[in-house]
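Number of protein chains: 2
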Amino acid sequence: MREAIKQARKAEGKEEIPVGAVVALNGKIIAKAHNKKEKTKNSLNHAEILAMNKACKKLGQKYLDGCEVYVTLEPCAMCAGAMLNYRIKRLYFGAWEPKTGCAGSLYNLLTDKRFNHRVEVAGGILEEECALMLKNFFAQRRKKERS
Amino acid sequence: MREAIKQARKAEGKEEIPVGAVVALNGKIIAKAHNKKEKTKNSLNHAEILAMNKACKKLGQKYLDGCEVYVTLEPCAMCAGAMLNYRIKRLYFGAWEPKTGCAGSLYNLLTDKRFNHRVEVAGGILEEECALMLKNFFAQRRKKERS
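Protein chains in written order, with the working numbering: chain Z, 295 to 441; chain B, 295 to 441.
Treat the hints as calculated values from the structure; they're not laboratory data.
Misleading hints may appear alongside valid ones.
Same chains, same label: a pair holds when it works inside one copy or across any pair of copies.
Taking lysine to any residue pairs in the SDA-like style, the calculated list, with each CA pair at most 20 angstroms apart, reads [as the list claims (entries may be wrong)]:
1) Lys429 with Glu309
2) Lys333 with Lys348
3) Lys335 with His411
4) Lys331 with His411
5) Lys348 with Glu332
6) Lys322 with Met295
7) Lys330 with Lys348
8) Lys356 with Thr334
9) Lys330 with Lys351
10) Lys331 with Lys348
Make the full structure from the sequences, and use the hints.
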């Protein structure tokens, strides 16, 4: 999660919402990314999607069996759905996202037994640090908008 | 939907699950794609994701405001989530997908008022044709596996 936070800080410096993600296999980081929605003008480019896509290309296989995802914010429906499709083994996330979160807040898509894959989920890892980063970012943005 | 079916038929010929998608703006097709999960060895590459990603790049904007998506199969959680993120206006889909569908079957993510965007949904458009294509594909695949 430390590395995911480091990734998020990179986003922060580029006026992106500071979210970072890392994919690990057998305890080793194989891909990392930060949110690039603004830079790429593309709503698909959440940190988790970019990190999983990189991991997928690196491993050269359509599923990320056995892989773990670390992300600083609870995933949205798209990212949670992508974790199911990629057959991610375990998800660790930092801050809870009550407005869009689909790994426990609004839905828990990842543990729904009706899907043909489930992802183990642990939320609230280094929560305060991850949440504070987002809080400061939005406070800063509001301040800029006002001035 | 006719063009989405045409796209799906392209996938069929390449041993991909035959799903096709089209993005339209003001009644004009701006992007089309078919499922490329096998070819690209990437679980992200569902027809809808590829078509919306193309549309996004074509328009040069992070949201696809006012756009409509036509897809031959009910979207999964990832694709439905991407439609929310891209702020798609309306979704038309063909066959229902009782195992993974998130636009009415297992969930209806697209009309959930807790999200900050909603997508209008019409399912079952040219349903028989879309479903038959999938049914034939899987029957063919089972036959090959057995022989």
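Do the hints match the structure? See the list:
1. Lys429 with Glu309: Within one copy only: 14 angstroms inside a chain, 47 angstroms across chains, cut-off 20 angstroms.
2. Lys333 with Lys348: both (18 angstroms within a copy, 16 angstroms between copies)
3. Lys335 with His411: between (31 angstroms within a copy, 18 angstroms between copies)
4. Lys331 with His411: Close across copies (17 angstroms), not inside one copy (28 angstroms); limit 20 angstroms.
5. Lys348 with Glu332: both (19 angstroms within a copy, 17 angstroms between copies)
6. Lys322 with Met295: This pair counts as within: shortest intra-copy Cα distance 12 angstroms, inter-copy 45 angstroms.
7. Lys330 with Lys348: Cα proximity of Lys330 and Lys348: in one copy and across copies (14 angstroms, 17 angstroms).
8. Lys356 with Thr334: between (24 angstroms within a copy, 8 angstroms between copies)
9. Lys330 with Lys351: both (18 angstroms within a copy, 14 angstroms between copies)
10. Lys331 with Lys348: Both. Shortest intra-copy (16 angstroms) and inter-copy (15 angstroms) distances satisfy the 20 angstroms Cα cut-off.
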